Amino acid sequence: MNSDYFIKLIIVLISAAFVNNVVLNQFLGICSFVGISNKIKTATGMGFAVIFVITLASAIASAIYRFILDPLDLEYLQTIVFILLIACLVQFVEMVIKKFSPALYSALGVYLPLITTNCAVLGVALLNVEADFDILTSIINGLGTAAGYTIAIILLAGIRERIEYNEVPKSFKGSPIVLITACLMAMAFYGFSSLL
Amino acid sequence: MNKQKNKYMERITNGIFTENPTFIMMLGMCPTLAVTTSAINGVGMGLSTTVVLALANLLISALRKFIPDKVRMPYYIVVVASLVTIVQLLLEAYIPSVNKALGVYIPLIVVNCIIFGRVEAYAAKNSVGVSFFDGIGMGLGFTVALIIIGAFRELLGSGMVFGFQALPESIEPIAIFVQAPGAFLVLAILTALQNKLKLPSATNVPGKEFKLACGGNCIECSGSTCSDNHEKINVSKDPLVKSKSTKNVEAEKENSKGGLIR
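These protein sequences, in sequence, are chains A and B. Heads up: the first sequence begins at 1 in our numbering, then just goes up one per residue. Heads up: the second sequence begins at 1001 in our numbering, then just goes up one per residue.
The following block holds chain A by itself, in its conformation from the complex (with noise of 0.2 angstroms):
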């Protein structure tokens, strides 16, 4: 029983992570992964800030939902309350950060405004309820797509970063490439859709 459950976790986190990535197969989250890509720094900061965040949502909007919001029939309103839970908590999170930790905000700081409004985080909370996940699967799969996203556009970047030396035809210069580049990166993460 509890091994059962431990690979069902393990088989949530792959899936989260390469099998449906968040961005090159659920296209959440495509502003960021195509604004902030163009160095590699930036994009790590990026990542890392989402993993604390969604990891950090999935949690607390689960238990919402559990603990208050199903017990009484409140389902419809987690649209505006998850949306609402998301703009607090980063602003928390990013006080907290700012309080405690001056070094991981110097590293976080710039990217948590950024992330109030990436549809990844509504998205993951919105799904974890869709498919009916307990507390501790939700934390698992927000910790997937999150790592998920972190690897797609740490790889992004390190692709952009080598076609700045590249020739690249006129038209195709600045986004259309970019875009390319996705599409190739989307085509090779479609082979693991054959992993699980």
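Be aware that one or more of the hints could be misleading.
Label-pair distances were calculated between CB atoms; the ranges are [stated by the list, open to error]:
#: 1; chain 1: A; residue 1: Tyr165; chain 2: B; residue 2: Leu1090; range: 51 to 57 angstroms
#: 2; chain 1: A; residue 1: Pro113; chain 2: B; residue 2: Ile1148; range: 30 to 36 angstroms
#: 3; chain 1: B; residue 1: Met1009; chain 2: A; residue 2: Ile10; range: 54 to 60 angstroms
#: 4; chain 1: A; residue 1: Glu130; chain 2: B; residue 2: Lys1005; range: 40 to 46 angstroms
#: 5; chain 1: A; residue 1: Val110; chain 2: B; residue 2: Phe1066; range: 29 to 35 angstroms
#: 6; chain 1: A; residue 1: Leu9; chain 2: B; residue 2: Leu1167; range: 40 to 46 angstroms
#: 7; chain 1: B; residue 1: Pro1074; chain 2: A; residue 2: Lys41; range: 31 to 37 angstroms
#: 8; chain 1: B; residue 1: Ile1067; chain 2: A; residue 2: Lys8; range: 45 to 51 angstroms
#: 9; chain 1: B; residue 1: Arg1072; chain 2: A; residue 2: Pro71; range: 32 to 38 angstroms
In case anyone wonders, no lab produced these hints; they're calculated from the structure. Fair warning: this is a prediction, and the values are worked out from it, not measured in the lab. Ideal Cβ positions, reconstructed from N, Cα and C, are used throughout, including at glycine.
Knowing the structure of chain A, use the given hints to seat chain B on it.
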């Protein structure tokens, strides 16, 4: 009366052509990529967004003088989220097939950059009527864009348009176009064409870093990058700037008039 009508029509054509949110402003890319696997999905998503956008513009414009500046973001979020919930419940009740096809992307309308962008940049500064029509125009522009992209992907990916066979059966469809990589490919082709033909778009302003969908910072969108986008686009089509700015002056005049009457 006639002038009034023209003003409203101008907002609608502005949304569909001059400042098309998808093709020109390059906003709201997540739903654009995700739901355009078929033209009919594009219709469903586009119209749902239009309803939310028009009503959000209406409500926020109507209450713009009563909302303190400091709490305006939470207020926008609550208004938009409530409207999205209403739309979602209506879809669930009356068109469950659309709701099922669009899935989680319906509640995700809440974080669509187009909505916050328009609310902050337009509805918070303009009168109720024009804001409402601005919402309709922007929403229809989004819908048209989604239908075009959706029809293109559906045609290439499954040989059909709106579910009807459009290509002869003998031509093998390129299935990748209706799958995830195809979405990126179509958008890449679109932006490359815009570059090639030098069409006005947020992604090909000469000499500037390209901006696709505000770099992800939707909530502060209109404050910084989105208005930035606006300016860049305006600069790139220089002759139009003058007419724009005079229009703004006119709008301001009208606002001040409204204030006097009050």
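Non-conforming hints, listed in increasing numerical order | Structure breaks no hint.
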